[in-house]
Every structure is written in structure tokens, then in C-alpha cells.
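Protein chains in written order, with UniProt numbering: chain A, 1 to 413; chain B, 1 to 413.
Some clues are possibly wrong.
Unchecked claim - Derived Cβ-Cβ restraints for the label pairs, each shown as a range:
{"no.": "1", "chain 1": "A", "residue 1": "S226", "chain 2": "B", "residue 2": "Q94", "range": "47 to 55 Å"}
{"no.": "2", "chain 1": "A", "residue 1": "E73", "chain 2": "B", "residue 2": "T202", "range": "32 to 40 Å"}
{"no.": "3", "chain 1": "B", "residue 1": "M89", "chain 2": "A", "residue 2": "Q90", "range": "52 to 60 Å"}
{"no.": "4", "chain 1": "B", "residue 1": "T202", "chain 2": "A", "residue 2": "I243", "range": "43 to 51 Å"}
{"no.": "5", "chain 1": "B", "residue 1": "G322", "chain 2": "A", "residue 2": "A388", "range": "32 to 40 Å"}
{"no.": "6", "chain 1": "B", "residue 1": "N201", "chain 2": "A", "residue 2": "T20", "range": "25 to 33 Å"}
{"no.": "7", "chain 1": "A", "residue 1": "H200", "chain 2": "B", "residue 2": "Y209", "range": "23 to 31 Å"}
{"no.": "8", "chain 1": "A", "residue 1": "I251", "chain 2": "B", "residue 2": "Q94", "range": "35 to 43 Å"}
The set of hints was computed from the structure by calculation and includes no laboratory data.
Keep in mind it's a predicted model, so treat the numbers as computed, not measured.
Don't be surprised by glycine CBs; every beta carbon is placed ideally from N, CA and C.
2 protein chains.
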Amino acid sequence: MRAEIISCGTELLLGHITDTNATYLSQSLATLGIDLYFVSQVGDNQGRIVETLQKAWQRSDLIIMTGGIGPTEDDATRESISALLGEQMQVDPQLEANLRARYTHASRPMPERNVKQATLIPSAQALANPIGSAPGWWVEKDGHIIVAMPGVPREMYRMWEEEVVPKLSAFTGGLIFTRLLRVYGLGEAAVEEELGELIHNTNPTLATYAKNDAVDVRITAKAQTSEEALQLVAEMEERARQILGEHVFGIEGDTLASVIGKALQERGQTLSVMESLTGGQLASTITDFQSSSKHFIGGIVSYSTDVKIQMGVPKETVERYGVISEETARAMATAVRQLLKTDFGIGITGVAGPDKQEEKPVGTVYIAVAGPEGIVTCMGPGWRGGRADNKRHAVLTALNLLRRYLAGTVSPE
Amino acid sequence: MRAEIISCGTELLLGHITDTNATYLSQSLATLGIDLYFVSQVGDNQGRIVETLQKAWQRSDLIIMTGGIGPTEDDATRESISALLGEQMQVDPQLEANLRARYTHASRPMPERNVKQATLIPSAQALANPIGSAPGWWVEKDGHIIVAMPGVPREMYRMWEEEVVPKLSAFTGGLIFTRLLRVYGLGEAAVEEELGELIHNTNPTLATYAKNDAVDVRITAKAQTSEEALQLVAEMEERARQILGEHVFGIEGDTLASVIGKALQERGQTLSVMESLTGGQLASTITDFQSSSKHFIGGIVSYSTDVKIQMGVPKETVERYGVISEETARAMATAVRQLLKTDFGIGITGVAGPDKQEEKPVGTVYIAVAGPEGIVTCMGPGWRGGRADNKRHAVLTALNLLRRYLAGTVSPE
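Chain A with its partners taken away, still in its complex shape (with noise of 0.2 Å):
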């Protein structure tokens, strides 16, 4: 079954409201396995609107569409549909005694323009709407569906879940099941380029997705049961981790934050930062995981180099290497590890930019962890992206390192 949703509403294109209720229906239909491949917006306006339609009428089975069905004189989505069928609109007595029932219960005079909500077609039955004036349609015709729904979410959303899915389910066949891995490390080609034949496999899938904290890679199944379609997500998963090694961090609604707060949570152990290029960030992100008030005592945003002095970093050590130098890093992340007595320290200085330091170019970018085993280091890539990207990049390293500290799969010396 191809399905292909239509937002009506033409203040979706002038971008006062973003078409979230398209990601709803999208989400749902995947997990009703039912294929979606096309999703417009259009104004309210019936010429545009009934050409949409013809188009989408010629590729797919399933027509969804929202908005466009109040009172007004804009909304255009059953005049649409009645034009595109060659059908006529009715009032329905039924219809018109409930839509007349609301007003009386509210003591309101109902306008009289409003009666063209209590309409149908001779192929349309009516999608109650108990939340709201306008009953929904469900029409089927010459082996398609067409369904109008309200735009107003929460009238969409209940329309949807309770009395549009369960007409569905009789034309559905199989059931689809996903699942979301993080990784970190490798940018999204070269993630592609490891799991090389696997990105064809047809069932499951497997498809990448950059992210700004990571690169998702995401498998998707589909199969007459559940059990089935499980066990086809579960050994892709497998097979993936396998390749992609340390580099998977997490699942769906994993951060590298959230994954070294429950580690370090897990083993009683407390972390503290000193940053300068990251200029608060790094703490930030680490405050986003919503427990780290446990683990997190906090952190010293050494901006100048007299604080970083003052906060116990040696003197010797900033003039014989500079502030710029894995040398400071360690040093950094030694002193605050002391000065806040947590089990970890994480240490940062680089370039942000927009111009270079000590002769260092934009980008440069020294990490060191210190905890209980020892120091590891590592140097950023010389990134050349603007400020913005560059601290991102360098708080992600960082938190990353830390959580191969974690995991063992880095050796401190």
C-alpha cells in the first residue's frame, strides 16, 4: 500500500506553522508498514489543492490529508475531493443534528455557513470528531482511500489513533520494527564505507543519518510478526556492531554525555573540567543528562591564562609549552581533578578562532582526561569549521575520550 500525505493550510506556507502533524502520520505509517513516498503542502486554495490531488490519486493507494476542513471560506478540502471524485456535497441530517447539538449544549447560535461541516459525498462515511466541530471523512472509491482530517493536532491525533488506523489495519499487511545506533568517531561516508554491502541489504535496511552530536545508522525490518521482525533487527544489529566496534556509543536517546553520567554513576565516580576554548560548553553539555548533579561537581572556564594559573595549572608549565599544548591539557586536567577532588578531570585549550594563537592555526585543539589510572591525551584534527563548530567538535572529542577511559579501550600512562 503507497500512502502520500496532503497538509492543507496556507499558513504552512508562509511558514507561521511547521507541518508537524506530516511527522505523526509519517512515524505511525511506518510502523504500519504501510510505504510513504510523497508528503506536499499546498495552500487553502481548491485549484491547487485538486491538482495535488490528481496527482496523488494517478501514484497511490492511500491519500491522507489534514487541515482545510473547518467552516470557513478558505477551507477548501471537501470541495477539493468532491471536485477530483465528480461528486456532490450533502448535508447529512445526522451530522447536521450532532454539529447543531454542540452549539445548543454550548448556547451559542450556530453560524449558518457552519452547516457545510455536517457534509458528505455518496463515497465518504464521517471520522467522528468528539473534540472538535468537524467530523473527519473516510472515503473509498475505485480501490482508493482518501482520509480528511482536521490540522489541529490534538483533533488530528486522537481522529487518527482511534478511528482512521483501525479501518487501516484491513489493508495492512506486516508489521515494521527499527532500531537506532549511535556512533561517534567516524564521519557518516566512512560509516557507510565500513558497513559497506550491508547499506543494500533490502530487509532489514540500513541507513545513515549525520546528526550533530553523532552519525545514527538506523535498521528497520519488516514481517508478518513480531517475533520475526525482531529477530531480523536484532542479528543486523549484530552484525553492525561488529563492525563498527568502540565506535557505537549508544542507542536511540543515548548521548556521549548521558552514556559516561550512567558509567560513572554506575561506579560511584565523580568528574570536574577545565576548559578554555569550549568556554563553558563542555560542563554545559554535561549538565544536559538530567541526573548529573551525581556525578558532576563542577568546572572551572579558565579563559584567561592567569585563572588557569590561578586555578593550579604550573606557571613553568604554560611558559615552557605554551597555553596551547597537550602539555597545558594535562596539566589542566590534573589541576582540577585536585582542586575539585573528583575521580576525574577532563582538561581542554585550542583555538577557537576566528584568529590563531601562539602560532597555532584555528582548530588546534588539546584534550587530556585524568583519573584514577592515569593520563590519556588526545589532539583534535585542526577542524575548520566556524567558533560554534569548533567548540562542538572539541566538547564531543573530549566527552568521548573520557568514555574510552571508561571503557578501557584507551591505555593511560
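Dock chain B against chain A, hints included.
Relative to chain A, chain B alone:
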């Protein structure tokens, strides 16, 4: 000029992400006076993208595409445009050199498939993307324009503003001038209410946009000459500023952090912070302003109470008034100002969530700014957002309080 947006990406059709790029572009097109009639989301499938492009080519003058220009096999936007126009993709030597230089600089090998990001067709010019690896395409043929941009929002925003909008101005009738006023301290609805009748003005138009860090008021004037358009904008700006008063903190490109940064640097004054609920985000936001090392000395993320006391907050204050109190915020601001020897110090304490603390509800926040003329304080209004929202609101409120201190619109005691 009739425009149409096509967003490419299977993740849109699976509901993994919402098409906020379309919202952004819709808003921008509206201010440019370009009519937008259709928006579509299509999966990463060349056949379906070409089908959508063909329809768009028949009915629209300007086709704006986002997504699908990455290096992987499922990225099919360039291939689809080439198929639509019957032109061959060829590697452009200059683009290839730029791309390889990025990898050389980062000391990473370039996966060979990435070279497809350096291709053009005869009708296409490259659109620069200094913050990502994939350049965009500007295609002009037979009176139509196709623009292809990355799907990653921050790369797309930059490319649209810096590369595409200037090129488009040659095609829009008349001259358009816009001016953006940035407002803090009033919600979007309140700004609209204050502006009253001005919102219904037709030339210049006024539109409000709720952003993460401010409410933006965009003034847009259309005229035959630039002098005329500038004059219209200037008059309306004057009227809006009179109404909104000190809530206007800047214009396009300004942030609260840049405004206070510039003000402090002009005065030759310095700043430090001690923050708990914001967890480093205050310092990080201050250092997002690129020359912040001139005025920002450092920060303390005093996540635990011990760190607060270690850094100079009197133990008696915490014991007597509690950690979540105006008195502790004042003591934090005063302590860090003394510890790091700066002209101004900011203290923030509060409850980020998800759990209440000291019987204070989530969202409670106390902020103090200590400076040469005394201390000013404010209490957060008790936001009921999630953890991330509470952190963000607290950071902005603190920066705004310092801005008002510097502007002399609050009275220190």
C-alpha cells in the same frame, strides 16, 4: 515569481525529522515578496525526485531544494536535476581541489565517493559552503531557477542568506530592504500587541518571529529606488523603537552576548561568572561572541555546594538562606568578581529540573549581577519548560540583566 520547495530525505518520510527547513524558507520567501504555492517532501529516490521536479518545472519559476547533496549513494539531488535537464555531471577541478584540501587539513583520507560533491552540470554554478563539505548548486535554464542546498539546517541557513538571497534580488520586482530588530523581555504575542496597528501596515510590513534567544521584528519595505526603500524602513524602525523602548537590544546579527561584549570592551571592563543550574551554558554563550577573550576572564561552574563555598561563597549564606536563594546568587556574583578580579560578576542559582530542590519548584532561578556601582538582582519567573529550556531562559535573563545594568536602566544597590 512563483516558488516551490522540494525537501529530499527518506528520514522526513519516516518521521525521524520534521521539515523545519521548509518553515524557515517559507518565512524568508514571504519577506522577499516571492509567492510560495507548493512544498513537497520526497524520499532519497531518484525516480520520485525527478517526478516531483518535473511537476515543479511546469508550474514554478523558482525551485528550492534542500537535502540529498551529501556524498553517499542515497543522496540523489544532483543526479535528479541532471536527469531533469538532460545534462551530464562533471567533476569541477576547483571544487575538487577545495574538497581535497579540507581533508588534507584535517589529516584524514577522503573517501573517493566524496568526489561527487565536487561535480557541476553546464547550467549550474557552485554555491559556497565554508561550514560543510557539500557546495550547493545554482541552476539557471529556460527562465527557471533551481537552487540545491544542504539539508543540515545551519549549513542551509548560511547558504540561503549569504549566497542565494543576494542572487535572487535580481529577479524580484522592485527593491526590497529589510531591517531586523531584536527584542528581549517581551513574548511574541506581547510584542504584536504593543505594535498594534503597525502590524497591519502594507508597506513597510512588520512581522514578528519567536526565536530561541529573542523575539525578532522584521521590517520589510519595497520600493523602486534604494533611497525610497531605506527611508520607508528607517521611519518604521523609529516608530517601532519608540513603542518597544529598551526591550530592543540590537539589530540583525546581534546577540545579547555580542551586545554586552561590545559594551564592556568599549569601557575596558571585564566579566566573570559563577553558575550552577545553567551548568556552564552562561559562560559558553558569552564566549560564543568571537572576541570574548578581551572581556571575559573566566567562570566557575559550581555544580555542587562545596564548590560554591570553596570559591568564596560564605558557608553561612548558604546555610541561612539555602542554595536556591537571592542571597546565594548575590554571594556568587560577589565572590567570583573578587576571585577572578573582574569589574562585573554574574551569579546564577536555581532548579533546572526534573526534580524540585529545597522545596523550590523546577524553573525557580535567582540571578545577580555585581559591578562597580553595586548589585542588581532578578528572579526567574518560574518557567515550566524542560531542563534545556530552563537553562536557556536563565542564561538569557542573566545576560539581559547585565545589559540593562550597562545601559543604566536598572538601579544597583
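Going through the hints against the structure:
1. A:S226 / B:Q94: 47 to 55 Å: 53 Å, holds
2. A:E73 / B:T202: 32 to 40 Å: Cβ of A:E73 to Cβ of B:T202: about 22 Å, so the range 32 to 40 Å is violated.
3. B:M89 / A:Q90: 52 to 60 Å: 55 Å, holds
4. B:T202 / A:I243: 43 to 51 Å: 60 Å, violated
5. B:G322 / A:A388: 32 to 40 Å: With a Cβ separation near 36 Å, B:G322 and A:A388 satisfy 32 to 40 Å, so the hint holds.
6. B:N201 / A:T20: 25 to 33 Å: 31 Å, holds
7. A:H200 / B:Y209: 23 to 31 Å: Since A:H200 and B:Y209 have Cβ atoms about 43 Å apart, the given range 23 to 31 Å is violated.
8. A:I251 / B:Q94: 35 to 43 Å: 42 Å, holds
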